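Given the sequences, and given the hints that come with them, work out the whole structure.
Going down the list, the sequences are from chains A and B. Letter 112 of the first sequence, counting from 1, is numbered 112 in the UniProt record's numbering, and no numbers are missing. Letter 403 of the second sequence, counting from 1, is numbered 403 in the UniProt record's numbering, and no numbers are missing.
Heads up, some of the hints might be wrong.
[What the hints assert, rightly or not] Chain A side only, calculated, beta carbon under 7 angstroms to chain B, not exhaustive:
| # | residue |
| --- | --- |
| 1 | A13 |
| 2 | L37 |
| 3 | L63 |
| 4 | E64 |
| 5 | F68 |
| 6 | K106 |
| 7 | P107 |
[Said to hold, decoys possible] Here's a subset of chain B near chain A, in silico, CB distances under 7 angstroms, partners left out:
| # | residue |
| --- | --- |
| 8 | G54 |
| 9 | L58 |
| 10 | L182 |
| 11 | T205 |
| 12 | P207 |
Hint data in this document are derived by calculation from the structure and do not stem from the laboratory. Just so we're clear, the structure is a prediction, and the values are computed from it rather than from any experiment. The beta-carbon is built from N, C-alpha and C at its ideal position, and this holds for glycine as well.
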Amino acid sequence: MTSKILIVEDSKASRELISATVESIPGLEAIATSSGLEALKLLPQHTFALIITDINMPDINGLELIRFVKTHPSLRDTPLFIVSTEGREKDRDRGLALGAAEYLVKPFSPQSLEGLVRRYLKLE
Amino acid sequence: MNAAGKALAEFVAEGTEILESLGKELLVLDQQRGVEPEPDIINGIFRAAHSLKGLAALFGQERIAKLAHQSEDLLDRLRLGRISLDDQVLDLLIESLDVLQALLGEAAREESSDALNERVKVLGERLANLGSASSAADEDPLDRLELDPQVRSVFTEYEEHRLRENVRRGVALFRIRAAFDLSDFDTGLTDLNVRLKPLGEVVSTLPSSEPGGLSGIAFDLIFGSRVSEAELAAKLQGTPAQLFALAVRPSSASPAPAEPTPEMPAAPLALAPPSAEAPAAKKTTRRKSRAPKTGAGTPTPAEAAAPADPPLVKATSLRAIEPVLPAQPASDTSSLPAVRTLTEEPVTPRGPKAESESARSLTQTVRVDISRLDALMNTVGELLLIKANLQRMAESARVDAGVTLSKMWGQDLSRETRQLERKLDALQEGLLEARMVPVGQVFDRLARLVRRIAREVGKEIDFIIGGGDVELDKLIVEELSDPLMHIIRNAIDHGAESPEARLAAGKPRRARVSLQAEQKGNHVLIKVSDDGAGIDEVGVRELALRKGLITEAQAREMSRRELLNLIFLPGFSTARSVSELSGRGVGLDVVKNNIGNLSGIIDVWSERGMGTAFHITLPVTLAIIRALVVGVSGRTYAVPLNSVLEILSVKPAEIRTVERREVLDLRGTTLPLMRLARVFNHPERPTDRYFVVVAGLAQERLGIAVDELQGQQDIVVKSLGGRLQGVRGISGAADLANRRTVLVLDVGALLEEGMSSERRRA
Numbered sequence: 001m002t003s004k005i006l007i008v009e010d011s012k013a014s015r016e017l018i019s020a021t022v023e024s025i026p027g028l029e030a031i032a033t034s035s036g037l038e039a040l041k042l043l044p045q046h047t048f049a050l051i052i053t054d055i056n057m058p059d060i061n062g063l064e065l066i067r068f069v070k071t072h073p074s075l076r077d078t079p080l081f082i083v084s085t086e087g088r089e090k091d092r093d094r095g096l097a098l099g100a101a102e103y104l105v106k107p108f109s110p111q112s113l114e115g116l117v118r119r120y121l122k123l124e
Numbered sequence: 001m002n003a004a005g006k007a008l009a010e011f012v013a014e015g016t017e018i019l020e021s022l023g024k025e026l027l028v029l030d031q032q033r034g035v036e037p038e039p040d041i042i043n044g045i046f047r048a049a050h051s052l053k054g055l056a057a058l059f060g061q062e063r064i065a066k067l068a069h070q071s072e073d074l075l076d077r078l079r080l081g082r083i084s085l086d087d088q089v090l091d092l093l094i095e096s097l098d099v100l101q102a103l104l105g106e107a108a109r110e111e112s113s114d115a116l117n118e119r120v121k122v123l124g125e126r127l128a129n130l131g132s133a134s135s136a137a138d139e140d141p142l143d144r145l146e147l148d149p150q151v152r153s154v155f156t157e158y159e160e161h162r163l164r165e166n167v168r169r170g171v172a173l174f175r176i177r178a179a180f181d182l183s184d185f186d187t188g189l190t191d192l193n194v195r196l197k198p199l200g201e202v203v204s205t206l207p208s209s210e211p212g213g214l215s216g217i218a219f220d221l222i223f224g225s226r227v228s229e230a231e232l233a234a235k236l237q238g239t240p241a242q243l244f245a246l247a248v249r250p251s252s253a254s255p256a257p258a259e260p261t262p263e264m265p266a267a268p269l270a271l272a273p274p275s276a277e278a279p280a281a282k283k284t285t286r287r288k289s290r291a292p293k294t295g296a297g298t299p300t301p302a303e304a305a306a307p308a309d310p311p312l313v314k315a316t317s318l319r320a321i322e323p324v325l326p327a328q329p330a331s332d333t334s335s336l337p338a339v340r341t342l343t344e345e346p347v348t349p350r351g352p353k354a355e356s357e358s359a360r361s362l363t364q365t366v367r368v369d370i371s372r373l374d375a376l377m378n379t380v381g382e383l384l385l386i387k388a389n390l391q392r393m394a395e396s397a398r399v400d401a402g403v404t405l406s407k408m409w410g411q412d413l414s415r416e417t418r419q420l421e422r423k424l425d426a427l428q429e430g431l432l433e434a435r436m437v438p439v440g441q442v443f444d445r446l447a448r449l450v451r452r453i454a455r456e457v458g459k460e461i462d463f464i465i466g467g468g469d470v471e472l473d474k475l476i477v478e479e480l481s482d483p484l485m486h487i488i489r490n491a492i493d494h495g496a497e498s499p500e501a502r503l504a505a506g507k508p509r510r511a512r513v514s515l516q517a518e519q520k521g522n523h524v525l526i527k528v529s530d531d532g533a534g535i536d537e538v539g540v541r542e543l544a545l546r547k548g549l550i551t552e553a554q555a556r557e558m559s560r561r562e563l564l565n566l567i568f569l570p571g572f573s574t575a576r577s578v579s580e581l582s583g584r585g586v587g588l589d590v591v592k593n594n595i596g597n598l599s600g601i602i603d604v605w606s607e608r609g610m611g612t613a614f615h616i617t618l619p620v621t622l623a624i625i626r627a628l629v630v631g632v633s634g635r636t637y638a639v640p641l642n643s644v645l646e647i648l649s650v651k652p653a654e655i656r657t658v659e660r661r662e663v664l665d666l667r668g669t670t671l672p673l674m675r676l677a678r679v680f681n682h683p684e685r686p687t688d689r690y691f692v693v694v695a696g697l698a699q700e701r702l703g704i705a706v707d708e709l710q711g712q713q714d715i716v717v718k719s720l721g722g723r724l725q726g727v728r729g730i731s732g733a734a735d736l737a738n739r740r741t742v743l744v745l746d747v748g749a750l751l752e753e754g755m756s757s758e759r760r761r762a
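Set out below in structure tokens:
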């Protein structure tokens, strides 16, 4: 049985890199979207094992998405990673305070992302 | 293409897209010089630089990543209000865009020049050192806004800044809560944003898990507006939105007269916990969102008043009503978007010109709307079915040798064949559409270059663009950028007068240069015009005589229009009459050839003191064209049908000679005639009648005499290589259905030839 991972990232190249990294792990399927609003539509349609989101996005920002997930009764236990080019401590701290599990600053290596995904999904 | 090549192409394609959007938004800022920039635009530019940085870092493009980072840093300070947008900042941002473009160009070619590296270094330093910090406030205005700390915790730094700015300026802030069904919340939210946008600024959109459940979602929009609460409530009628004012405590510092102290409510309404009001929100939502669908009419007065029911407070004074609307360009010259180019500053020394001079885009990728490709795929699917039917019929005939070709079978086969043909037509049309891109792509890039050129030559220009949504074949659009740049450069450099000269001539100080595209049937007309001094045809005539390009006798016969057209001759220059740098006409022969290679023609109009206009007429596509197949002296040629106006049958006796030029009378007008056999030196066959193909582009008309007409066909024109490439009058070759290869006539070149050949012979 495959586990689904939601990827929310408005840069096409980053989205594809994250998707490819996730899907290189057997048993994982990536569902990627370029917008926070689209992510809100996808959330009730599937059960996601993990959410990976950018912060700086045009419609709703990543922090707002995290807050939504973490206050939603049926979603709050879903682990969530932030991948962002934002190097600001404030954003990182806010993301982690809202309940994100990890914060990866772009550019990151596929190996580091893969390691984290494996660790959180207990695939090792 | 190998993996590295693919990755590079991907990077270049996305990078080009980002730079194009960046360029568009910078143009908007440029147009709005002197007025307060819209926060959305600054943020959009910041986001583009931010995306480019991430993209470049991902693909290991360090130079681009670094410069994008430095630009982003400046933009971040700008969007967070730490520096203000002045001419210097804007100019530097535009220069950064040019350099990023040049870097992307080098990346695409896998090059790295020292000159560009040096430019990146210098620019990086200037970006880092630019801008003075805004005066630090004694207290954070945001602290005066009564906002749930939980809500505040999800604002990005930028959103915080925008809130702060709104508080500081005394703009009333509201929380607008709207609940939607999960199935259509995106359209509902879009509608709400469309209503709100003209009234103020949506600072943040917070999704809320309340009202919860599987079928609903609510949003809290934090909205700043100078519009009165009642007006806002009225504008939100018919939407599921509820309006709550956000209270602002008075500043501890003495308030400035322009920003009066907000009235303090007895019980300020802070953001209530979502759970407290969620059920009400849900109820209102459902009722109101259904109203338009069922046609239940306008809400009842009670419903209309509903948003005002909670104890709303006047968060800030609304006396200074000044809607936060997109600023309009100050230009009153046209309703079209104008790029106003200011030239107060000294010319900045630049690196080698070639590196960023070209407005060509770097990517060979055509990105098309997915729905167009889907439609194509459907057509292909249908074609496959028809093909299978034909195969089945053919197979059954082959297996059963006793079956003779019955009438019924023949009808079946021909019906399927007709179907196949129709689908093939649709496929062809779809493929053509997939190649079409708006000319605006190249117009936007040109607008940036225009700005720089205007500054270099010290002119004040309003650059006006129109018809950017007219679509042309991607290939033509790409090839068009250099000729257009050349003509526009001439218009600014030599067409437009200095502000002083214009004032002395009773003209407005700022010159207008305009670039317009217009669809004209199968053609697109692109006009580049200026309201400058115009071309001095007497000067043109003198120069052409002096250079031996024409004889005295020819000059005497030439109309004013013909004289003007001399500027397209190789070696022509009017440098003496205009400026020392280069004259109107320098290199225009190259421009003309480039346009000719696109099967287009160029024409010039000019009136002394009034201005100059170049008209470029181009076919919509070069990929697949319908052609008229003609025969002459036993040879076959194809004539693009989009330039064929009509066909005449002419007896040799009807051909007249006027001043050694063969002509025909065509409904009272004189039509120049060209015998195709003579053009290509084929032996002429005696005939009792000719077919004359009347060809036309723009205003030009020409009759081309041929021996026979062989019908119409769709052809794919392939360019000729080697020595054949330069043959005048031939644009390429095409394979006909009967596997014959024929030459395709270049009607534009033949028209020019027809207009001038007899004169040259004189």
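Item checked: Residue hint T205 (chain B), partner chain A, criterion CB-CB below 7 angstroms -> Given a least distance of 5 angstroms, the restraint on T205 (chain B) holds.
Margin query: The hint names L182 (chain B) as touching chain A; please verify it with the least Cβ-Cβ distance against 7 angstroms.
Written below: Holds, because the Cβ-Cβ distance from L182 (chain B) to chain A comes to roughly 6 angstroms (cut-off 7 angstroms).
Checklist line | Restraint outcome when P107 (chain A) is required to lie within 7 angstroms of chain B by C-beta distance | finding: holds, 4 angstroms
Notebook entry, point to check: How about P207 (chain B): closest beta carbon in chain A under 7 angstroms, or not?
Noted result: Hint on P207 (chain B): holds, closest Cβ of chain A at ~4 angstroms, below 7 angstroms.
Next item on the list: Using Cβ atoms only, decide whether G54 (chain B) comes closer than 7 angstroms to chain A, and label the hint accordingly.
Entry: holds, 4 angstroms
Margin query: A closest beta-carbon separation below 7 angstroms is what the hint needs, so does L37 (chain A) meet it against chain B?
Written below: holds, 5 angstroms
Next item on the list: Against chain B, run the beta carbon of L63 (chain A) and see if the smallest gap drops under 7 angstroms.
Entry: Holds - the Cβ of L63 (chain A) comes within 7 angstroms of chain B, reaching about 4 angstroms at its closest.
Notebook entry, point to check: If you take the shortest Cβ to Cβ gap from A13 (chain A) to chain B, is it below 7 angstroms?
Noted result: Since the shortest Cβ distance to chain B is 5 angstroms, the answer is holds.
Notebook entry, point to check: Can the hint on K106 (chain A) be confirmed by a CB-to-CB distance to chain B that is less than 7 angstroms?
Noted result: Interface hint status for K106 (chain A): holds (5 angstroms vs cutoff 7 angstroms).
Note to self: Quick check on E64 (chain A) please, does its C-beta sit within 7 angstroms of some C-beta on chain B?
What the structure shows: holds, 5 angstroms
Note to self: Less than 7 angstroms between beta-carbons is the criterion; does F68 (chain A) satisfy it with respect to chain B?
What the structure shows: Cβ of F68 (chain A) sits 4 angstroms from chain B, so the hint holds.
Next item on the list: Would you settle whether the hint for L58 (chain B) is holds or violated, based on the nearest Cβ-Cβ distance to chain A being less than 7 angstroms?
Entry: Since chain A brings a Cβ to about 5 angstroms from L58 (chain B), closer than 7 angstroms, the hint holds.
Comparing the model with each numbered hint stated earlier shows that all of them hold.
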